[in-house]
Each structure stands twice: as C-alpha cells, then as structure tokens.
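Start from chain A and add chains B and C according to the hints.
The chain contents come next:
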Amino acid sequence: MEIHHSVKVGEGVKIGKGTVIEEGVVIGNQAEIGMNCIIKKGTKINQGVIIGDLTILGKSPTSNRKMARRPSTTLTELTIADNARIGSHVIIYKGTVIGKDTFIADQVSIREEVTIGESTVIGRQAMIEPKTIIGSNTTIQTGCYITADTIIEDRVFIGPCCSMSNDKHMASGKGLHTGPVIRSGAKIGNNATLLPSIIIGENAIVGAGAVVTKDVNEKSTVVGNPARYLKKDSDN
Amino acid sequence: MEIHHSVKVGEGVKIGKGTVIEEGVVIGNQAEIGMNCIIKKGTKINQGVIIGDLTILGKSPTSNRKMARRPSTTLTELTIADNARIGSHVIIYKGTVIGKDTFIADQVSIREEVTIGESTVIGRQAMIEPKTIIGSNTTIQTGCYITADTIIEDRVFIGPCCSMSNDKHMASGKGLHTGPVIRSGAKIGNNATLLPSIIIGENAIVGAGAVVTKDVNEKSTVVGNPARYLKKDSDN
Amino acid sequence: MEIHHSVKVGEGVKIGKGTVIEEGVVIGNQAEIGMNCIIKKGTKINQGVIIGDLTILGKSPTSNRKMARRPSTTLTELTIADNARIGSHVIIYKGTVIGKDTFIADQVSIREEVTIGESTVIGRQAMIEPKTIIGSNTTIQTGCYITADTIIEDRVFIGPCCSMSNDKHMASGKGLHTGPVIRSGAKIGNNATLLPSIIIGENAIVGAGAVVTKDVNEKSTVVGNPARYLKKDSDN
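Chains as they are written, first to last, in numbering that gives the first Met the number 0: chain A, 0 to 235; chain B, 0 to 235; chain C, 0 to 235.
Extracted from the complex, chain A is given alone in its bound form:
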C-alpha cells in the first residue's frame, strides 16, 4: 500500500494491500478500496463508495500517430459519487463522472468525458467510449459496446452484447461522428446492432439480434435485419 502524503482520507476508510494512491486523491468517509488498485492523480472517491480489486481509476488517455481523436489535455478529475459500487479489474478514465448509487461491474472499461447518472447499472465487460452521456436508472447489460458521442436517457434497458457505431463512413475521414440517441424507457434486445446517429424513440422496443439502420418511432417495436416495424405506434 502506498498513499501519497497529499491524499485526503475520510473516516472509516478501508484500503487493500498493494493499492497505490497518487497525489491529490480525495477519499470520502466509509469508502472501501480493494487490493492492488491504482488510483491516479486527483481522483475523487466520495463517501460510501466501494471499489473491487485490481481496478484502475483516473487513467489519462493516450493515442498513436494514426488515431483521429486526439486526447484532451484539459480533462477534469474522475469523480465517483456517493455510494457507487465499482467492480474488480475495471478501468475508468479521467474527465468522467459516475453518479451516486450507480453500479459498475467487473472488467468494465469507461473512457474519458463520460457522464453516468444515478442508480444506473453497467454490466461486466461493458465498453463505453468517450463523450457519451448515460442517464439515471438505466441498465446497460454485460458485454455491451457503447460508442462515443452517444446519448442514452433514463430508464433505458440495453440487453447483453449490444453494439453501436458512430461513423457512417468507417474511418474514411468524411462526416461527423455521432452515436445513437436512445430515449427514455426504450428497451434494446441482446446482441442488437445500432447504426450511427439513429434515434430510438421513447419506450420503443428493439428485438434481440435486430440491425437498426433507421430511426425507431416511440412506443414502437422493430425486429430483424434490417430492422422492420412489428408494431408501429405513429409516424410522429
């Protein structure tokens, strides 16, 4: 265990063997951190947060010469709000905010500048790209891939292994990158595929394995490849 002298540690905090806590980290009362974790500079862990083993918090983004997206050099510190639970073998980058009571399962990877609301669940091995916004009381199940610049509202359910993309032209350098928008209450079946910048309407349902190439109306259901309406609420 190696805690930098500048770290602020609240009352009743538990820190596991082998964990390294860098400069300027703030740890709230009753927080618990597992073994062999690496808490990078300036990370803010609020009260009652529980963190598993071998987890890395506050990682800085890097890139190689080819990558289009240059990492921001002015990221705020990673903040984990009250009573959130973070699993083992997790990696969360700088510039991200995890809401209170939110559950991040084992082996999850969350990039920089992501915002996750309150009481949301992110399943094991889910991968969340930069600049994505996820609401409250939402469930993103195990193995999902959430692309960059995606908006997922409140009370959304995304089944296991769903995949998204945000680049119509697949790295040709043309056009903007925009992920899907998934409105409140929408439900997406497991292993569904969502194309860039489509909108899944409020309370819409996407069937398991569907390949969604167009917007889906609110309260409607789509299935198949390409996805077609099984039930269409309206054309609004």
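Rather than coming from a laboratory, the hints here were simulated on the basis of the structure. No residue lacks a Cβ here, since even glycine has one placed at the ideal position from N, Cα and C. Each statement offered as a hint is correct.
The list that follows gives simulated cross-link-like pairs (lysine to any residue, SDA-like), each with its CA atoms no further than 20 Å apart:
#1 K16(A) to E21(B)
#2 K40(B) to E31(A)
#3 K43(A) to V8(A)
#4 K40(B) to M0(B)
#5 K16(C) to I14(A)
#6 K99(B) to N63(C)
#7 K16(B) to V6(C)
#8 K218(B) to I198(B)
#9 K167(A) to K230(C)
#10 K16(B) to E1(A)
#11 K13(C) to E22(A)
#12 K230(B) to P225(C)
#13 K13(C) to K43(C)
#14 K13(A) to E21(B)
#15 K16(B) to M0(C)
#16 K40(B) to E76(B)
#17 K13(A) to E22(B)
#18 K218(B) to K167(C)
#19 K230(A) to H168(B)
#20 K231(B) to H168(C)
#21 K167(A) to G184(C)
#22 K16(A) to V19(B)
#23 K13(B) to T61(C)
What follows is a set of in silico ranges between Cβ atoms, one per label pair, in the way DEER data are often shown:
#24 D153(B) to D232(A): 39 to 47 Å
#25 L229(A) to L229(B): 20 to 28 Å
#26 K213(B) to D153(C): 40 to 48 Å
Showing chains B and C alone in chain A's frame:
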C-alpha cells in the same frame, strides 16, 4: 506474497510474488498459483490446478439498490477440481464449482452458483452469469455471453461471441427469468443470438449469426434472422 | 519492483511500482512500463514503447487434455517494436510481434504467433487468436474477435464487436481450420459475422450486422443475413 496462517498448503505447491491468500483457503498438492492473484476466504484449490497471474478467486457478489437479483448470503466456497487450468485476469465468484481438467482461459468472468463439468473449455473473455449449469466436454468459445439460469449439457460447442438472454420482458419486472437449454451435442455458430427459455435440441446446429426465437428440434439446422429450418429432422 | 539481474535496461527507462521483470528481458531507451505488470522471460521491448498498468507480456500458451491445438514449445520471444503503445490489463503471448507505432488498447488479449504491422490500432477488449497476420495502418475496433489463421491486410477497418470463425465443422475434427482473408482497404461494419475461410475483396464494404457466408468481390458492398450484394463491382 501474503498467506494467512490458517491456509492449508499441499506438497510441491508454487505461489507467485505478490499473491494474497486469505483465511481458510485449501491448496492441494502440486498446485501452482501465479503472481498478484487474490484468493478469497475459503476457496478450495485441488491438486494439480494451475492458475495464471492477476486472477481473483472466490469473490463475493454485491449489488446496488436497483438490482432485482439480491446476492445470496449463504454461498458455499468456490471449488476448483483436480488439474483444472485457470488463466490470467480471471474472476470467479463464490458458490461455483469448476470440474476437473476444465480449462478457463484469460479474462473470463464467472459469477456465483455456476457449475461447470469436467474437461470443458471456456474461452477468453467469456462471461457466465449466476446459477448456470454447464456440462462436461463442452466448449464455450472466446467472448461468449452465457446468461443466468441457463442449462448447457455435455459435448456442446458454442462458437465465439454468442449471446443469450433470460428475460422476455427486459427488466419490466414481469415473468420468470429463464435462460436457454442447450442439449447434448448441439453446435452453435459464432455470434448467434439466443432468446430466453428456448430449447436447442440434441445435436442440433445453429448457423453463425442466427437469431433463434423458438425451440430448435434435435438433429436439425437453423439459420437466419429470425432463424428458420435449413434441415428439419422431425417434429417430435 | 523486481528486476532479474540479467535484464538489459536502456537509458531513461521508467518502471512502475510492483512490476516484475523476468530473466533475459530487453528494454530499449526511453521505454515506460506501468505498475504491477508482469514481463515474462525474454520479452523484447524496444525504444520508446509505453505500457500501461497490470499488463502481462510474453505469456506462454497452455492447454487441457481436450484441446485440439497443442501449444508450440519453440516459440520465439514476444517483440514490441519502437514506439508502440500497449494499454492496461493487456495480455500478449510469446511468439508474437507488434509493429512500430502500433496502438494496443486496454484489456486486449493477443495469443501466440500473431504478427501485427506498423501504425495499426487494436481497440479495447479485442481478442486475437494464434497465427493470425494483421497488416499496417489497419484499425480493429473495440471488442472484435479475430479468429486463428486469419489474414487481415493493410488499411483495413473492422468496426466494433465483429466476430469471425475458422472451423466450418465446429469442432467435429473434420477439415482444416482457416480464418477469413480480408484484403487491403476493406471496411467491415460493427457486429458483422464472418464465416470461415471467406475472402473479403480489396476495398469491399460489409454492412453493420451482416452475416457473410461467401466471398465478397472487391469494391462491392454486402448487407443482411445472409449477406447479399447491395452494390457489385464485377464478377472477377
């Protein structure tokens, strides 16, 4: 290396640098444990078992306030039977039994109350949810998602990246959660999607990328989205 | 930190706390290695390489009694060429070569005897099987599964969560195992499924969620399940 004084260590056991072994763990003869592992309280590692680096065995489940499934508080200890091989960066929970000669590859995640038979192979990054039963001589390839309450019998082959679900109503609180049943000798192609509670018959074949919404007869083949019979053995 | 006395360390090298560096490892000038990493025997890390935390380099393959593919016992050492960047929680096996300026993201798993060219990007949690060859300036996005014995040429783009297989008979012991061949400049949409030994022609496009069961002509576009031509360049 930090081994609790109550740990029973067999003959010829090797334990890597930085590994922590908690109270009441039992390690059989000739077992090998890698570096920086965390072996939680009471885990039973039988003779000849080989474990990679940075692996966590015997983790206890947790939850947040939103999650429907409350973790059991009366789980038995994780047991790894004779000569099983466990990779690196693996996480296996309490209450699970790994059969003898079974191979669990790197970065796999196995939850509580899972039973895996003998000489089975679980590929890298596979994710296995609670209360699932997997037989002997079965192969679950890399990146598969096996949902909770699933039954997979003997000599089954599940190709890479297959996905399942166990909740028809997608977290609406209605109905029971039941995963698929996959009978002996069935083969599932890569990236197939299986819906909740369907039965894949003995020696049936599911094509790669198929989306299986109904039961599949034994010895029959289905392909497509939704999956349709390419070859149908009988209507029994 | 534990560095074997035989390790050759260049000028200006940084090595993180808790990292173990085994016999015969060679580390070039200005290389940086994170915390709690395990660098296995003989691994060659060239100048300017940057490696994250909790990463394992140079792992030796193992198997159980059931597995068809016996690990080679004569693997060369893992080599990471100049200025490559390797993420955190990564596992790369022996006998593999990572080209210069290549970027390997967090939680990636790369098996033995894989060759990756220069300035290529391998996204987070990608899984790459043995004996696969990947060219230069290629992007394999997050969560992709690249099967064994696959050839991916230069300037290829593979979207997130794509899946492949290399065994038509699904472990029946019949036939050769051959992965797909993906020619230069081809682009594969997210969550596409590729069957064994198919050829994706030069500059061809595979739509998101497509299930590709046959060869795809150069400069042509396929979509759907099974994939059909949306645009066909020629029948050559």
